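Undergrad: Following the hints, put chain B in place on chain A, whose structure we already have.
Protein chains in written order, with my numbering: chain A, 1 to 451; chain B, 1 to 451.
Derived from the structure by calculation, the hints contain no laboratory data.
Subject to a maximum C-alpha distance of 30 Å in a straight line, what follows is the list of computed BS3-like cross-link-like pairs (lysine-lysine):
id : chain 1 : residue 1 : chain 2 : residue 2
1  : B       : Lys126    : A       : Lys92
2  : A       : Lys132    : B       : Lys92
3  : A       : Lys3      : B       : Lys70
4  : B       : Lys132    : A       : Lys92
5  : B       : Lys3      : A       : Lys17
6  : B       : Lys409    : A       : Lys70
7  : A       : Lys92     : B       : Lys70
8  : B       : Lys17     : A       : Lys3
9  : A       : Lys39     : A       : Lys62
10 : B       : Lys132    : A       : Lys433
DEER-style ranges, computed between Cβ atoms:
id : chain 1 : residue 1 : chain 2 : residue 2 : range
11 : A       : Asp436    : B       : Asn333    : 42 to 50 Å
12 : B       : Pro71     : A       : Ile438    : 41 to 49 Å
13 : A       : Pro69     : B       : Glu11     : 24 to 32 Å
14 : A       : Ser367    : B       : Thr38     : 51 to 59 Å
15 : A       : Asn189    : B       : Val435    : 31 to 39 Å
16 : B       : Pro71     : A       : Glu63     : 44 to 52 Å
17 : A       : Pro97     : B       : Thr38     : 56 to 64 Å
18 : B       : Ile335    : A       : Arg195    : 39 to 47 Å
19 : B       : Pro71     : A       : Glu445    : 50 to 58 Å
20 : A       : Glu63     : B       : Arg167    : 54 to 62 Å
21 : B       : Lys17     : A       : Glu404    : 35 to 43 Å
22 : B       : Lys17     : A       : Lys306    : 57 to 65 Å
This one's a predicted model, so the numbers in the text were calculated from it and none came from an experiment. The beta-carbon is built from N, C-alpha and C at its ideal position, and this holds for glycine as well.
2 protein chains.
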Amino acid sequence: MKKFPNRVTLEESRTPKFWYNMLADMPESHDPMLNPGTKQPATPDMLYPVFAEELAKQEFSKERYTEIPKPVRDYLMTFRPSPLYRAYALEKALDTPARIYFKYEGQNTSGSHKLNSAIAQAYYNKEQGITKLTTETGAGQWGTALSMACAHFGMELDVYMVRVSSRQKPYRKAIMETFGANVIESPSNLTNAGRQALALDPETPGSLGVAISEAIEAAVSTQNARYTLGSVLNQVLLHQSIIGLEAKEQMEMYDEYPDVIIGCAGGGSNLGGIISAFMQDRLTGKAKPYFIAVEPAACPSLTRGKYAYDFCDTGKVTPLAKMYTLGSGFVPNSIHAGGLRYHGMSPILSKLYHEKYIDEARAVTQSSVFEAAVRFTRAEGILPAPESAHAIRIAIDEALRCKETGESKSILFGLSGHGNFDLSAYINYNEGKIVDYIPTDEELEKGFASL
Amino acid sequence: MKKFPNRVTLEESRTPKFWYNMLADMPESHDPMLNPGTKQPATPDMLYPVFAEELAKQEFSKERYTEIPKPVRDYLMTFRPSPLYRAYALEKALDTPARIYFKYEGQNTSGSHKLNSAIAQAYYNKEQGITKLTTETGAGQWGTALSMACAHFGMELDVYMVRVSSRQKPYRKAIMETFGANVIESPSNLTNAGRQALALDPETPGSLGVAISEAIEAAVSTQNARYTLGSVLNQVLLHQSIIGLEAKEQMEMYDEYPDVIIGCAGGGSNLGGIISAFMQDRLTGKAKPYFIAVEPAACPSLTRGKYAYDFCDTGKVTPLAKMYTLGSGFVPNSIHAGGLRYHGMSPILSKLYHEKYIDEARAVTQSSVFEAAVRFTRAEGILPAPESAHAIRIAIDEALRCKETGESKSILFGLSGHGNFDLSAYINYNEGKIVDYIPTDEELEKGFASL
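Excised from the complex, chain A in its bound form (with noise of 0.2 Å):
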């Protein structure tokens, strides 16, 4: 018999009020923002024109509990506290000692955990009257999630899609659609961004750090509109922090606490939202859980990357963000499915790193993210999103590491989303055709030369 169930969820009493800033806990914070002109630290007021003026605020905040405002948890409640499952299956089939648990953050529409932060960025835009946002999305679970916040709270949106990924994944287009948003392939002809990279290649496939300028200009260039984004910030590791405070509460249930916890991570956002409240636990004393980072091999900032002052896009339209880069210039080969192709990560996460909070980061390749992803799907009879499948990849690997050496470890980790706007990815993979592929020290120096 089985002294838990498969899944806890949480009595309404003990869901987050709160969302948690690790930046309160830190000893040191991360060096700032800087002005790309004048090398001055920026302020809140300078990213006024780009962001709702609440979320420039929490951009600096160091507070370290900000109320999570009724109407977003109202709409919070509609799908959290989102399940966190023992993987029970999962550990018999790899008959393995230790105990695996993940939150999964894939039960609403958008498939994500995106719709954490997207509801609440949605929300001061709309308190403070904007009537428009825009943003960029490659994979799509970001503009997705804005889509439906845009719809929930009668706004207009714009969303600036990596072309490549317009083309290959229709339905995300779709989707984004049917809430009601304008989704434009990126690069366009309706910035100066966007000519720009057209005129330099008509026949781009795209990135993210284009598709970033395109939307930056295009919320700065239009009355009552504002640019949201959906990782690497501040503010958004603080709305995700609401993934780690109910874990911890549900570990709890499972009378539980993790000796390793293990996330995905591209911009940051997942990877900041599952250890919120186990780092503060950390940082203060309380506890030494093991973190380990997962990223891909085809794009990875935190093991070969320089921790440098760099843009968050490829346009420099940003403030200089010390940061783990490939350089605003490094786009990921195409070939990489899996997701995670952002060039830089967050601020916050990359101190962590550096400062060894963050204990290990490891790049998987493709292939065998997707052997680990199939695996869980027909033990777990969860299908994930390629990205959120490089945590399971070493999950896996963390458990039969237990099983040789006979340690029964508690391992948790995050699963951010579903993949069923993904499949595309898994038939390439189930016909054989996943090709792994890992820049050469040559190529990441190319990117190098742009910062």
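TA: This is chain B only, laid out in the frame that chain A set:
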């Protein structure tokens, strides 16, 4: 301030431990299945070559309650209880005094309620030592659900997928294959039924009726294999009763009893599920909720079919069942994208409709269904399967009628699944390409000729 949340689940202690069988409380059973050769009532042992013995027995059972086997319940509890929502945002968008509730079955990877019966059917077969299952699938919900169930129990599965669906829905095929199922385009060259259909028309789009014939033939001609079906059967309604049993408890959590209960109906698995516990109240005189079955105008078995004995498949290999039917030779026009394409209707539901316990059936056109689906999506943030959206259409119509009359009715509908794999149909709708199709009386006569 809202008194109640948008969504309720259920405490473990209130979740159903037994399935409920409506036959136990019906004043008169439906007419029995007949052996097509002798016209004598079929018996359980006649079905043993086709179905696992326990399932064959359930097909004839009039027991009120059947205990849910522990392994089935354990699996169900990984995604159940499914949430019940109060559609506050939709009510507001419609400006209606009606209170709208929906029971959402889309929060599992297969994406629909079909998993409730798939796991039960796989279990009873596994217990009997059966190693391989066969089935057919049209839109793909049932095939996906059974693929998950077979992956869980380590069983082989052959899915005969209607050719046109297999080609229009590569993602559905891919997800079944990811779970390890063998997906075969129907008609195939592997069976006599398939070869006959191909000989008649090599370019046939296929049909559910032919795919059923193929799957049954494959099962009975294979060692240790059995056939499974995701709708129509009494056993399926038994397994799906969990939907209504949970829903009744959840409505109590809202201090409500529904005045109107609405379900879409193809073969009846969803409608039979959502009405179960409420129909018990109706049959036993405890309450008198109003039941509405919704079907597509393109395949109107209840509203325009005949109540007669008919085959369940096109190849005429099944027993005869007394049901509302368009004739086993009826194939809905392939421009119909909304699912619910089966020619017949569950014998239990047919009887309940014939005896006016199901008060009303309504046929709706595709364009009106997608209009309702998009309105619902934007308000509630859940993208419905086109099948499920049939119920939304009528729920909205009823809510708008309340607005006219000023009545504050409580409306419950079954949202049987999500539309994440059906975005090609939404793309067509967004592009204005959805065409309504209503068969003429002459077209229906052709189907009746097969009776």
